[in-house]
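One-letter residues, chain by chain:
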Amino acid sequence: MTSIADQPPKPVVDDRRWSAERVLVHVILLAFVVLALGPIFVVIINSLKTTPAIFGGPFALPTAETFSLDGYVRVFTRGNFIANYSNSLIVTVSAVALTVVFSTLAAYALVEYRLTALVPILTGLFLIGVMLPIRLGTIPIIKIMVAWGIMDTLLALILVYTAMSIPLAVTLMMTYFRTVPTELKEAARMDGANEWQTFLIALPLVRPGLAAVATVTMLPIWNDLWFPLILAPGKANQTVTLGVQQFVGQFLNDYPALLAALTLGAVPLVLLFTVFSRQFISGLSQGYSK
Amino acid sequence: MTRPATARWSLLLFVLPALAVYVMFAVAPLVSSVVMSFFNTDRTLGSVFVGFENYIYLFTEPVVSARFWNALVNNIKYFAIHVLVEVPIGLLMAALLTSGALRRSEGVYRTILFIPATLSVVIVGFIWRLIINPLWGVVGFPLLGNQMTALPTISLMGVWQYVGIPMIFLYSALLAVPNDLVEASRLDGASPWRTFWDIKFPLIVPQFGLIVILTFIWTFNGFDLVFALNGSAPGPNYSTDILGTYFYRTFFGSSGQVADLDLGATVATVIFTIMLLVTALYFWLVQRRLRAHTV
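The listed protein sequences derive, respectively, from chains R and W. All residue numbers for the first sequence refer to full-length UniProt numbering, where the first residue is 1 and numbers rise by one. All residue numbers for the second sequence refer to full-length UniProt numbering, where the first residue is 1 and numbers rise by one.
Any given hint could turn out to be false.
Claimed, not checked - Covered stretches of chain R, as calculated for chain W (at least 3 residues, CB under 8 Å):
1. 27 to 41
2. 85 to 95
3. 102 to 115
4. 126 to 137
5. 210 to 216
6. 243 to 253
Worth flagging that the hints you see were computed from the coordinates, not collected in a lab. Yeah, the Cβ is synthetic: ideal placement off N, Cα and C, and Gly gets one too.
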């Protein structure tokens, strides 16, 4: 298993001086950084300005006269922001938690009992799911939700997102469980541990995998627009992504409020990603590499 | 070793929760979409088997089929722009990050360049609409209002957002290239450019192929960015309509179009078949040959 963390040191340029090559690499990468962050920066600085200042100089920093937090105030008074946030939080945390628990159990068994007849079929079924476009099953999903009476509820979203995330999570967790030494599990069984206790002994060794699964599954759930639009469009059940989308439609003339809403919608995930980027990156690259 | 009987029971119990949710809300709906596409639901008669009637309607009814082919062609363009712009830029970023010229800054660049991919499409769409607004933005031309430029413009917004994904894939692949090969090439006096194309790139071709096919699946599954910018009947004059928005209109309905669940299931099945055929063809023809070469 190759994770970002345990790579051997790369060969580095011999001299510590700034060679022309190193300068060029930094210049190109810095240009990409400006392209990546510039547009986000424009939104954030404008969200802190008054409306005339936005149109007067959209790329200027807020000054003492143009600085204003009115947009943020209006988002919280006119929008549904608090409710949207808590909906997104409930959906994302529940779906990620269910995904982590279910896929850890499944991945452990698919690695541990790999000599059992059904395992190749089950593993294949999960593997196919990594590429399966679950959105194409939307119509039957609507029918199920209607039949169960959970249309336009957060539960509908949680169930679909868990199903959507499980294949990648199982595949990813299997790569981590393969690194758990067999001796450890055999020793546990010799000491009289049953299968469940043996699983619990192996669990601490795959902790990095749990973090990778959690970060990789979180992002597409929080940012999804399709299923909130179709399965939970009611005002009480809107997630942040859908809420911001509706807000954009309703407050088209209130630019400070719009920009504030956009900033608030982006902040949590950008922060989380920055903190957990290492886990995220190893999760993303390993989950699909099978 | 675990006894076979114990193993079988334990396997079942451990796998069951994940399998149940996954089958119920992902596998079964896809399968039943395919089944639905062969039925017609009528208020009085209920569901009636109609064979390929829905498909015939989809491909022969003048307006419905014209819109479908338009969405398919647009989706191919949408994919092509992503592959031709996003994947090469991601490769360039990954190559620079692993060139050996960076030290502590490598992780910082990697994280920053991925940040746009963590934003929601609603935010990305709005940011760019603001920047390219013809009234005060950086270009004085209505890029989104012109039939020729609207689709490329939206595609490039998608590229801006998701370029971090091919970057991370190819970056991880490049990290796994053995150091001694790179070192040997360097000692032979090869330039970094030659070392990359002669040594590193051939070793990551399988991952390069994988990201191309994943980009295909993701773009053919696309919907969010187009919907966030242009709604469910994406103009001007359907020039930014892709399969995702077309599918949404058939089952959800829109102004001038009645919602039709059976036709929606038919469209879903057609999209699914296209994805399946292309992916299967790719894995059989290309990826197998690549593996044989690199092993």
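So, going through the hints one by one against the coordinates:
{"no.": "1", "hint": "27 to 41", "in the structure": "holds (count 9)"}
{"no.": "2", "hint": "85 to 95", "in the structure": "violated (count 0)"}
{"no.": "3", "hint": "102 to 115", "in the structure": "holds (count 10)"}
{"no.": "4", "hint": "126 to 137", "in the structure": "holds (count 9)"}
{"no.": "5", "hint": "210 to 216", "in the structure": "violated (count 0)"}
{"no.": "6", "hint": "243 to 253", "in the structure": "holds (count 3)"}
Comparing the model with each earlier hint shows violations of hints 2 and 5; every other hint is respected.
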